[in-house]
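K.L.:
Chain by chain, the residues run as shown.
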Amino acid sequence: MKTAALILSAVLAVAACVFLLAPLVVVVLASFSPTPVFDLPTTGASLRWYGRIANLEGFWPALGLSIEVAAVSTALALVVGTLAAIAAVRGALPYADAFAALLVSPLMMPGLVLGIALLQYFRAVGFDAPLAGLLVAHLIVTLPYVARTMIAGLSRFDFTLIDAALTLGCTWRQAIFKVMVPALAPSFLIAGLFAFLASFDNYPVSIFLTDVRTKTLPIKMLQYIEEAPDPTIAAVSSLILLGTIVLLIIADRAVGLSRMAGTSD
Amino acid sequence: MAGLTRERRTAYLLGLPAALITAALFLVPLALLFAVSFTGADGFSLSAYARLFGSEHYLWVIGNSLQLALITTLVTLVIAYPASFAIARAKGVWRSLLLGSLLLPLAASVIVKAFAWTILLRSTGIVNNTLIALGLIHEPIRMIFTETALVIGAVNVFLPFMILPIFAVVAQMDERLTEAAATLGAGPVAAFWRVTVPVTLPGVIAGIALVFSLTVSAYVVPTLLIGERYPTLPSTIAKAYLLTNEGSFGAAAGVVLLTIALAVVIVSSRLGKAPGAAR
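Sequence lines, in order, name chains A and B. Residue numbers for the first sequence follow the numbering used here, beginning at 1 and rising by one. Residue numbers for the second sequence follow the numbering used here, beginning at 1 and rising by one.
It should be emphasised that the hints constitute simulated quantities derived from the structure, not laboratory data. From a predicted model like this one, the values you see are computed outputs, not experimental measurements. Positions of the beta carbon are idealized from the N, C-alpha and C atoms, including for glycine. Hints may contain errors.
Some chain B residues near chain A, calculated using beta-carbon distances under 8 Å [claimed, not checked]:
{"no.": "1", "residue": "Ile87"}
{"no.": "2", "residue": "Ala107"}
{"no.": "3", "residue": "Ile137"}
{"no.": "4", "residue": "Glu228"}
{"no.": "5", "residue": "Leu258"}
When you get a sec, could you build the whole thing from the sequences and use the hints?
P.N.:
If you want it as structure tokens, here you go:
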């Protein structure tokens, strides 16, 4: 009976993974479709949809905007979030647990609710600058990811190692850069990766904060899909997927998949 | 500030920027949203909530959201619980493959995945063609824009959020526990219910809370896979702000959605700390 249960769970695990990967495989196959109706390329493959990406109305500005917003907000969140995580973990802060919970709490917020709350707020204070508004809003999208991952990483870090380094003759600066930074680099990388992806893929917050000229890629993508879905969208999706895979491979080389699975709960 | 120790002052300085950002961009906007939801034409009013809870249409909408979240949570749990044991036991290449095929879809864009399901489920799509080729059906069945399509898509998008927390506790579980139970005379069924289930319960509770609150808040998946036929709280909120410009009504719907999502998280964290669930 135990063997039967093991086999059943293994079959389910493989089936679940196939099911999870299915849509990604389908998008890539459809992007090579020779006809405009998403046939799987049974009668040969075609790259023409990739050539048409450039013709999609507003694609390049949207891609540029999404990368800009994700990169800037992630960079700021990494700095601010890491400093706050040190404060929350080192124990010198009163109510450190409550502070940590507060920093992570926007993760539990439905994205749309955060989006409308920020929209109301920006209107109420007369803040009318779409790009700046989007950047500021994505700071609250990315900061909780950084705070969560860095707090978890820092609570595994043994701060007495710094004292040890100081005793052994390191200066403060050396102790930080030779002991603390290498030990925390994996958490920092994972935090950055998840924060960047969360911002880059964000739809529910951005949708309320954009105007005609500032539209992020997810907003344009949904618009393309609703207006005229053709394999060009599959080609764009495949390229986004390729970028995600490259980021994951870099992260895997740097920290390993098990570690990522453990910290992305 | 003179009375503070140096460590404490440093901690305040380190935490200050994040605290200010979270207060200014999260707490204050939420408080304002809450206030707006209680505002009518002339000051304080419960009219937005009265409209939400007083009409059959919006009760149906809230029901839709809860139903989708409940079904998705149950289906993902049934798949994820056994699968997590296999993933935790897998070694070497298999482990990397399984974990990789969890993390890649997790990192992939929700819009890309939902779009893929619109391709898969269309009447001339792969699922229909496969079923016809297998002789299971004779003519294409309508799948896209049905409840089935919605649940398939939601399960697909949110399954990793159920597997990962369960996997995390299963991977840390001491396998000798069940052996000890067997040595002490427990049969496999008793060992499973009295040892394995209680030990893995915190992961299960975390997974349920995560999937339920994510699904009840989902916007992209219902929009692309079922659309207007199955309005949810998120689609109602989006409509109120983007189309009809009914701020106070949208805010009230937002507060209701927020309450549901937070209630699940709070109840589950209480349950996770209950003595019976302690690791």
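K.L.:
Taking the closest Cβ pair, is Leu258(B) under 8 Å from chain A?
P.N.:
holds, 5 Å
K.L.:
Report holds or violated for the interface hint on Ala107(B), using the least CB-CB distance to chain A and a cut-off of 8 Å.
P.N.:
Result: holds, 5 Å to nearest chain A Cβ.
K.L.:
Less than 8 Å between beta-carbons is the criterion; does Glu228(B) satisfy it with respect to chain A?
P.N.:
At 12 Å from the nearest chain A Cβ, Glu228(B) fails the 8 Å test, so the hint is violated.
K.L.:
May I ask you to test the interface hint for Ile87(B) with respect to chain A, counting a Cβ-Cβ separation under 8 Å as satisfied?
P.N.:
holds, 5 Å
K.L.:
Restraint: Ile137(B) near chain A, CB-CB cut 8 Å. Satisfied or not?
P.N.:
This hint is violated: Ile137(B) lies away from chain A, its Cβ roughly 19 Å from the closest one there, beyond 8 Å.
The structure is inconsistent with the numbered hints 3, 4, although it conforms to all the rest.
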